[in-house]
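Asks: Residue strings, one per chain:
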Amino acid sequence: MNILMENFGLLLEALGTTLLMAVVAGIGSLILGVLVTVARVSPIPILRAAAFGYVQFFINVPLLALLLLAVFALPDAGLILPLLPTAIIVLTFYEAAYVAEAVRSGVNTVGVGQIEAARALGLSLGQSLRLVVIPQSLRAVVQPLGNVMIALAMNTALAAVVGVVELTSRVNKVNLVYAQPIEIFTAAGLVYMAIALAIGLATGWVERNVAIVR
Amino acid sequence: MSRSQHYAASFLYEQPGPRGRRRIMIGSVISAVVLAGILGLGLWQFGSHGQLDVDKWTPFTEWAIWQYLFVGLGGTLAAAAIVAVLGAVFGIVLALGRLSKVRLIRWLSTGYIEVARTIPVLLLIYLMLFGLPQLGINFPTLWKLVIPLAIANAAVFAEIVRAGILSLPRGQSEAALSLGMRQGQAMRLVVLPQALRNVTPSLVSQLVSLLKDTSLGYIVAYTELLYRGQVLSAFNHLLIQTFLVVTLIYLVFNGSLSALASRLQRPGRRRTPVANQTLAAAVPSLAAALTTTEKSVTERSVNEQPVKKEPPRA
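Going line by line, the protein sequences match chains G and H.
Each residue of the first sequence is one higher than the one before, starting from -13 at the first, in my numbering.
Each residue of the second sequence is one higher than the one before, starting from 75 at the first, in my numbering.
If you are wondering where the hints come from, they were derived from the structure by calculation, not from laboratory data.
Backbone N, C-alpha and C fix where the C-beta goes; we use that ideal spot for every residue, glycine too.
It is possible that part of the hints are untrue.
Take a look, some chain G residues computed to stay more than 12 Å from chain H by CB distance [said to hold, decoys possible]:
#1 3
#2 20
#3 36
#4 172
#5 190
#6 195
Pairwise CB distance ranges, derived in the manner of DEER restraints [as the list claims (entries may be wrong)]:
#7 H/209 / G/31: 50 to 60 Å
#8 H/110 / G/129: 32 to 42 Å
#9 G/121 / H/137: 47 to 57 Å
Using the sequences and the accompanying hints, generate a full structural model.
Replies: Dropping the structure here:
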């Protein structure tokens, strides 16, 4: 316990970085993922194909490969940003594909009658998507989206590999000094579990409040 | 596309009229221009920094470089295979444990699953790589990668298998029990085979996910695809080209696996008696052929059934 107390400030700062990445990339990927889903159900073939390609690319390529590409390789092409924003952007693009997959499965749960009713009322495609389809799809996939957000929180750890000093990286550094692996890593594991638990509880709360009882 | 007609997405709009067609046309043109613009901007950026020069890409026409990378792909597959087997075995055990009637086993399995799902694999890898050696525990390189991945994947596999078991109608296990099977027999012979078949698409998706996770071998310096790519790029200084090629290999390989998963997901994959009847009704000439094959199949399966002796009653 002493080791953790001595490095409390550093660890707290690292936890802050982890949470910052998770929150910013989480919000970003939710927005981007919904947009990709809209493109995927749109009547425009090119947008549908582009959205399909986007999702397939990010679901099949490892996050670590993308992080290495963005952090070490792209500067050679003059594309360079500070480390933390780069990691957040990569995480956002990566998880947005999973969000899009989840939301699309939600679109498929919206009753056909809902859409027919929206059209019969004279809503345009944009209106029926915005007012009828997307809200209902999102409500249907709160739980899967929560799982994506938990995966995102776990994936922020990978940023440690490219040099972002977040919780996993900091914990490892502290351990290299003090050589108390069991104690230090258990503490870090508990923190990650707490983050996942918090997301899980928040998901449950949202679900209780927005779920549609059919 | 005929399949997607069941989905709500295809009811969003009907056959467009002249105005709708014109709008779709305009939308297509605009989105094509925007997408081409983004792509062009990217290519221009690459080109202006000399990343599109022919001599930077010619090394990748040599077979030796591909061979070097494919050895890495072999390492990726080996690690993934070990993780898949370990994960599947422990996953099934954990799933059965979580559904067990014994409270202690249920709690232990549930606890393990919940913990293992919410700890980053990287943390476990750092523990293997830097933490445990300080205590004198040092695994071979491959296992520094495989053990953390197996710990995490067992929990995911367990949840998939459990979902499969729970989704099976209760009548299946009730029927098996009423035939005189024991709990274990019913689970092994009736419930598990069907449950696993039902969740095959999820299992294949998880396989893709763990194939991606083996890229963490980069950290433990295990010879897999990403690590080989890293070594290669340190050697030829073609960072962008090498990492793009590695990305492409992952994309092609995992993409085919994902395509397989979605093919498996397609409904009506299994030939059911009902489907056969409708098919036979629609095509009378097929009816005779179908009935004969079906008969021979059932006969064979009956004949192949090993004759079991009544287990001695306790």
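Asks: Which numbered conditions among the earlier hints are violated in the structure presented, ordered from lowest to highest?
Replies: Violated hints (numbers, rising): 3 and 4; every other hint is consistent with the structure.
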